[in-house]
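Participant: Residue strings, one per chain:
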Amino acid sequence: MEKRKLRNNIFLAVTILLALGAVAMLALPLLRLAFDAVTALLRSWGVLPGIEAVIVKTLQVLLLVLALVLPISLLITLWMYEYLHGLALGRVQRFLKGLSRVPAVLVGLLGNWLISGNAQAHGSIWSMAALLTVMCLPFMISRVDAALRAVPEKYRMAGEALGGRRMAVLGLVVLPQALPQIVRACLRLVERILCEATALLTLMGAVMPDQVLATELFRLAWLGREDAAVLAFGLAALMILLRLTTTRRWRSEGEEANCRYNWW
Amino acid sequence: MKRAWENLMRFGAWLGGTFAFLLTGCALVFLLGILLMERASAGSVLQSVWSLVPQGLRLTGFTVSTAAAAVALSFPLAWALAAGIAFLLKPRWLHAARSAVSGVSAIPAVVFGYLSLRYFVPVIPSAWWGVTVTLILMSLMRHTLELTQINEQHYPAVEAAQAMGAYIYETILHTVFPLARRSYLSVALRMMSRCMGEGVAILLVLSAYGGGEDTLVTALMQTAGVTGVPGSARYAILLAALLTALIVLVNAVISFSLEGGRHGKKKAAE
Chain W
1 MEKRKLRNNI FLAVTILLAL GAVAMLALPL LRLAFDAVTA LLRSWGVLPG IEAVIVKTLQ
61 VLLLVLALVL PISLLITLWM YEYLHGLALG RVQRFLKGLS RVPAVLVGLL GNWLISGNAQ
121 AHGSIWSMAA LLTVMCLPFM ISRVDAALRA VPEKYRMAGE ALGGRRMAVL GLVVLPQALP
181 QIVRACLRLV ERILCEATAL LTLMGAVMPD QVLATELFRL AWLGREDAAV LAFGLAALMI
241 LLRLTTTRRW RSEGEEANCR YNWW
Chain F
1001 MKRAWENLMR FGAWLGGTFA FLLTGCALVF LLGILLMERA SAGSVLQSVW SLVPQGLRLT
1061 GFTVSTAAAA VALSFPLAWA LAAGIAFLLK PRWLHAARSA VSGVSAIPAV VFGYLSLRYF
1121 VPVIPSAWWG VTVTLILMSL MRHTLELTQI NEQHYPAVEA AQAMGAYIYE TILHTVFPLA
1181 RRSYLSVALR MMSRCMGEGV AILLVLSAYG GGEDTLVTAL MQTAGVTGVP GSARYAILLA
1241 ALLTALIVLV NAVISFSLEG GRHGKKKAAE
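Chains W and F are the protein sequences, given in the same order. Residue 161 in the working numbering sits at position 161 of the first sequence, and the numbers go up by one each step. The number in the working numbering is simply the position in the second sequence, starting from 1, with 1000 added.
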């Protein structure tokens, strides 16, 4: 009995020490970044000149990509839902999953090659949006498809029992049930678009000023500018806020109280 | 009403199918075009690419070794933090801890690169360790959330172990670990895949060293001219092929670890 207790205490001590190490590694750089950003702001309010143009361009690219990706992914998912079954469906799903894991740099390189003859296209909103659309489409299709297939089969069966055909049931019953998951997928898509710098930098071929937020941060850090801390902190805070305000609780309170094992 | 919906959705599905075939067709035509263009001078391309292979392999070695070291060092830390949140934290702190982990997992890679460049690189003498520490930071921030979610899926098993009078270490090592081992392995491999595919953060870190070290991704970015001088297209093709082969290999291992190969699929089908 004593041996078990000793092992338990050792295990707990090691786990807690490692967890504290992880917390320190996560928190310390972020706290230092916050401190540096506030210091830079207090020193001068005129940091990051011309950031408004960068924010506007980021929003333009974001809206354009959303306008392209959302309808196309929804339509392709409808086609998959209606016409693909069994082995073919599994293969297409696996292919899409594989495509969504393709490193951003390869997509960026592809874009760079495609527009290599046109110097103006390297920094244009349209080429950025097209590249991000190609990059995000497999991710979005697989997320929307997973959301539709996660709706319990009983809903579909009930709809069909009331005389609805497969696609009518999909539109009237399954799609509304899957809507929260689809909205979450859209928010993950927004995160991906705002954070993507690798593909865009490769597409541009050179670090150009006044592009989108992520590439601007890369440019400022590359130049060793002090105000990069303000932009880095702002971008990190924006993404954290976006995630926190849009993530639903993993479980409801009641469920949590029932299922959680309480060691204390 | 129902009929109108049926027709609308059918039209949407038809349109979606058209899009899917168009996109696939465009991709195939593009690949075919590249192959046909390169076919004319296949011999000389092969010869010039062959001479670049040793350099490509050196970059592959750097990429794989930094990614593997980062996963080996960050996984225990991330797992301990996830286990602490899922099994050890007091209930009143649970929501705050989950929110914090979820929040930090949304931080963009370019910010990791900046954090590393500013706070870690000045105290780390070698490029290899600089890259590894950046990847550790990135893996910790991104994958702790996934590990926490995996741990929480096994609450029922934990309750059962509690009912049998097990200690925490017995519950985690003998109940949770065997149930979640495939998921843990797939998270570790996804960490590895992400570490190998990371670009901007590593490029920022390597810019501080200037020792000629590169990963496959940063070398690819340099061939596109991100750091000023564009490289040759053939070198880029070689690097892209090596990176694709690595990522495909890791993805294959991920699917094998999740599904258990042919035997596992057969078992799941039964």
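One or more hints might be untrue.
[Unchecked claim] Derived EDC-like pairs: lysine to aspartate or glutamate, alpha-carbon spacing no greater than 20 Å straight-line:
1. W:K5 / F:E1259
2. W:K97 / F:E1259
3. F:K1090 / F:E1006
4. W:K97 / F:E1152
5. W:K97 / W:E191
6. W:K57 / W:D210
7. F:K1090 / F:E1152
8. F:K1002 / W:E191
9. W:K3 / F:E1170
10. F:K1002 / W:E160
[Stated by the list, open to error] Taking CB as the label site, the calculated pair distances span:
11. W:P152 / F:S1099: 26 to 32 Å
12. F:L1057 / W:V56: 40 to 46 Å
13. F:F1177 / W:P180: 53 to 59 Å
14. W:S100 / F:V1049: 35 to 41 Å
15. W:L70 / F:S1232: 21 to 27 Å
16. W:T246 / F:G1228: 34 to 40 Å
No lab work stands behind these hints, which were simulated from the structure alone. These figures come from a predicted structure and were not determined experimentally. Idealized CB from N, CA, C, for every residue including glycine.
Participant: Falls inside 53 to 59 Å, the C-beta gap from F:F1177 to W:P180?
Facilitator: Between F:F1177 and W:P180, where Cβ atoms are some 32 Å apart, the hint is violated.
Participant: Check whether the Cα positions of W:K97 and F:E1152 lie no farther apart than 20 Å.
Facilitator: Measuring from Cα to Cα gives roughly 24 Å; hence the hint is violated.
Participant: Can the suggested window of 21 to 27 Å be confirmed for the beta-carbon pair W:L70 and F:S1232?
Facilitator: violated (39 Å)
Participant: Below or equal to 20 Å on CA atoms is what counts here, so check W:K57 against W:D210.
Facilitator: holds (8 Å)
Participant: Quick check: does the Cβ-Cβ distance between F:L1057 and W:V56 fall within 40 to 46 Å?
Facilitator: holds (45 Å)
Participant: If you draw a straight line from the CA of F:K1002 to the CA of W:E160, is it 20 Å or shorter?
Facilitator: Holds: F:K1002 and W:E160 sit about 11 Å apart, inside 20 Å.
Participant: Taken at face value, is the distance from the CA of F:E1259 to the CA of W:K5 at most 20 Å?
Facilitator: violated (37 Å)
Participant: Is the straight-line distance between the alpha-carbon of W:K3 and that of F:E1170 20 Å or less?
Facilitator: holds (12 Å)
Participant: Per the hint of 26 to 32 Å, is the separation of the Cβ atoms of W:P152 and F:S1099 within bounds?
Facilitator: holds (28 Å)
Participant: When you check the alpha-carbon spacing of W:K97 and F:E1259, does it fall within 20 Å?
Facilitator: holds (14 Å)
Participant: Measure nothing beyond the straight line between the CA atoms of F:K1090 and F:E1152; if it is 20 Å or shorter, mark the hint as holding.
Facilitator: Cα-Cα ~14 Å, so holds.
Participant: I want to verify a distance hint. Is the separation of the beta carbons of W:S100 and F:V1049 within 35 to 41 Å?
Facilitator: Once the Cβ atoms are compared, 29 Å apart, the range 35 to 41 Å for F:V1049 and W:S100 is violated.
Hints 1, 3, 4, 8, 13, 14 and 15 from the list above are not met by this structure, while the remaining hints are.
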